[in-house]
Each structure stands twice: as structure tokens, then as C-alpha cells.
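Using the hints provided, position chain B relative to the given structure of chain A.
Listed here are the chains, written in short residue letters.
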Amino acid sequence: MVSDSFTTAASIPSAPNTKNLGKKKRINRSAKLKQCKFDARREQWLSQGAVKNKGCNDGRDDVRNPLMHMRKGCNGSLEKLEMRISGQENDGLIHQDSDLESTSISPTSFNCGVLSSNDSGTNFTGSSSSSSSSSSGGCFSGNITEEEGDDGCLDDWEAVADALAAHDKHQNLCHESPPAHEPVEQMVSPTNGLGSGGDNSKHESARLVPRDPGNTQAWSPDDAFRPQSLPNLSKQHSLANSDWHYGGGVPWAATAVTSVPSSCPICYEDLDLTDTSFLPCFCGFRLCLFCHKRILEEDGRCPGCRKPYERDPVETEASVHGGSLTFRLARSCSMIERS
Amino acid sequence: MQASRARLFKEYKEVQREKAVDPDIQLSCDDSNIFKWTALIKGPSETPFEGGVFQLAFSVPEQYPLQPPQVRFLTKIFHPNVHFKTGEICLDILKNAWSPAWTLQSVCRAIIALMAHPEPDSPLNCDSGNLLRSGDVRGYQSMARMYTKLAAMPKKG
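Chains A and B, in that order, are what the protein sequence lines are. Counting from 1 along the first sequence, just add 13 to a position and that's the residue number in this note's numbering. Just so it is clear: in the second sequence, position 115 is 110 by this note's numbering, and no numbers are missing.
Hint data in this document are derived by calculation from the structure and do not stem from the laboratory. A virtual CB, placed ideally from N, CA and C, is assigned to each residue, including glycine.
Partner residues aside, some chain B positions facing chain A, computed with beta carbon under 8 Å:
1. Ala(-2)
2. Arg2
3. Lys5
Straight line, CA to CA, 30 Å or less: simulated DSSO-like cross-link-like pairs of lysine-lysine:
4. Lys144/B to Lys14/B
5. Lys8/B to Lys306/A
6. Lys37/B to Lys150/B
7. Lys90/B to Lys8/B
8. Lys5/B to Lys306/A
9. Lys37/B to Lys14/B
10. Lys320/A to Lys306/A
11. Lys306/A to Lys31/B
12. Lys71/B to Lys37/B
13. Lys5/B to Lys90/B
14. Lys320/A to Lys5/B
15. Lys90/B to Lys306/A
16. Lys90/B to Lys31/B
17. Lys150/B to Lys71/B
18. Lys8/B to Lys37/B
19. Lys144/B to Lys31/B
20. Lys320/A to Lys90/B
21. Lys31/B to Lys14/B
Label-pair restraints from in silico Cβ distances:
22. Gln58/B to Ser276/A: 15 to 21 Å
23. Glu41/B to Gly297/A: 34 to 40 Å
24. Met148/B to Tyr322/A: 43 to 49 Å
Chain A on its own, in the form it takes in the complex (with noise of 0.2 Å):
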């Protein structure tokens, strides 16, 4: 895509643009110092939001932490959604890429700005400067489309800067929300990561749905986009929280439950929270639960022991975790079917 932007810039020299072409490298050079501007607002914005954010990539972040911790990916719905997100975040960087390079060489770069806003597939009707600052990546496609020829680049960039401020505001009073439930959301997340997360996407949406009237531009298109045309930086997040997560989790796990290994004894993972809880033999020996279902796929013994698995785990352990058990096997389940 970079090098196709290159080629209609090269191929293309229309007699109007080289009229204005040292005007617009003016221009670009102080949309571009804009634009440094911008990311940086974007960073910090993510970062001091990065609590507040936490509301909106908490479902994917929480659900994805315990699947980290037990490595596998067993998890049905959610594998689709973060294969959707995965794509758009995809789209959204490539968009981004070839917007730096057609703010680079504006005139002829609408090529490049049609294309992309092909390939997103939405519709970026909105020349409103406040879509692409509210969401980022994929939007400023479609500012540049809507400029094609046209010379306002640095006035729209400067939209875009006033946007940006004005939306600050605005998500952090959005933002405000989350924090207050995302405590919850931490403690339960390990055991019923799913529910958690369709829970939270819902909320997600029902937070992100009021919005669409106050900018009609700005966010109908893309809501779903909106927390994952951040890439980079909601991994990280999303990183740090696991970190975050694993170290709080881990110790406590430890203190509580003494003498429990801190990695499975066959995969050698660590163990996390429902896994340190689950005692599926009488002998004490205690392993993932991934590994577990394994073994009873298989031969079905202890590898502690060598005694075949009783069908039930141990009374009491079953009667505190049963749900979660059952759950994660539900969910292992759902994966050998797909694969």
C-alpha cells in the first residue's frame, strides 16, 4: 500500500498540484509536527485513561489473563471476537500507515485515502474532524478522502487537535463509570472469564450507544472500532494488566493454599487461580485443568498415584468450584470440536 501511494504520487504530477506544491509541503511539514502533537495527546490520553479505559478493554484484558495464565486458547465466542478485534486493529494500523504517507505527499494521495477507506468498509461519511480524533487509525482515511484535491490539510488537522481536546473531556466523563465496577470484575474474572466478558462487552456497548446522538459522526460508524483502533498501546495494556493481574493474583493464590505448586507438574504452566484450587485426586497431586481433561481424554490415571480418576473430584473442592470447573471443561471442549 506504502509503495502504490508512492507510485500515484510519482505517476501523477497534475499541473495544479505542482502549482501548489511547495505550499503544501509547508503545510504537511506542520501537519505532520500536528500530528506528533496528536499521538502524543493520544499516548498520554491512554495513558492517564488507562485506568478509565480499563472499563472499556476490561472484557477482552480479563478474559484473555486467565486464558494467558492456562496458555490455551479454549475459548470459544471469545476467540471469534478477539479475531474480530484482532482484524480491525489490523485494518486500523494499516490505514494509519498509509495516512502518513499520504499526508506526506497530500495532493496525490487520495488515491491511497480511497483505497483505505475501501478496504475498511465503513462508511467514513464523516468529514467532521472529531471522528478521526475520536477514534484514530482507521478514520483519518476518511478525512483525507473527503479532502481529495482539496487544500485544507492543515486546517483540518487543526480540527482534528480541537476535537481531540474537546473529546478528552468528553470520555473522561464517560470513563468515569468503570473504575468503580472493574474491582469486581478483577476478583471474578479468573472463574468465569466468559460470562464476564459477554457481560462487559454488552456494557461496552450500551456505554458507547448513548454516545452516538452527541456527534453523530464521530462514533456511529465505528463503536466497535473505538477501544480496538488503539492497538498497540491496548496490548500493552492489556500486558501490564496481565502482569498486573498475575502478580496480585499469584502470591495470594500461594499464601492461601499452602504446599500448592506453583507450575503444573506436566506442562510445567503455572498454575492459576482455579487451577491451585482444583484436586482432582485423592493423593494430593494436583496439576492444570487443561492437563487434567488431557489425561481423561486418554487413559484416565492419576498421574500422582496411577489410580484411574474418580469421576467426581474431590467432595468438597467440586462443591466450592463445580461451576468453574464444569465451565472451563465446557469451554475445552468447544475448542477440540472447532479444531
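Just chain B now, kept in the frame of chain A:
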């Protein structure tokens, strides 16, 4: 597949980290294939294998922690439970008594234990088994020591 690979990597790290823990076992992984391992084990003391260094070859299946690794002696050994020609080992934990909780390192330990305590009632090497079963411990020991000297000790000179 992926699980076995991950587990083998972890075992490899473990082996690297705890090299000094068990001086009788030197376990190493094939440079290009994590499913192929070799081990050098020292013959246990007070056995006819004392002083010998025996090489083992591990072939790890893709279902590894659930399926046992295939192990055989590359060094000739005169032992009732080791096939003299192929080096195949008759050991319950490598067959039906395998547990996923075992590691390659623990397999090596088990083989060392087997060298010290042969099971003549399930022989792969009938000559060796028959010597023991007929009560000719001395004959067995001298044969085993001879083969240890021939095959498992550095050549003198």
C-alpha cells in the same frame, strides 16, 4: 504437539539450571530437534557397571507428557532388561506405568536404578536373565563387568 514442545523446552531449561544436582546424569538435547535427546549416565557403584559411562538415546513422542519417551541404550550393556543388540529397555515406567509427572531426568534415574536392580523375570537379554535366575550372580557380574569394560569405559592407551 505444542504442549510437548513447551514442556520439553521447560525441561531443557531445568536441566541447564540444575546441571550440578545429579552428577551421574548428563542430559542434552539435539541441537536441531527438541524431540531427540541423549544422556550419559554413570554406572552405579557396587554394580558390575561401575566406572562405565553409558549413552542413552531418547526419542520423545509428540504426545510426550502423556506418552512415555522411547529410550534405548546406545552403549552395549549386559543386563537382563536391556536388549543386547538394539539397546531396548524393558522398564515398566517406560511402558504402562508411565506417568506424565515423570521427566527425562527422572527416567534417567529410573534407568540407573534398573541397572542396580535387574529384573531377571522379564528379560530382554535371556543369557543375562538366565544367569541370574539360575543363581549364578558371580557369572552375571563378571559378564556384565567385562562388557562394561569393553563398551562403556574409555579405551586405555
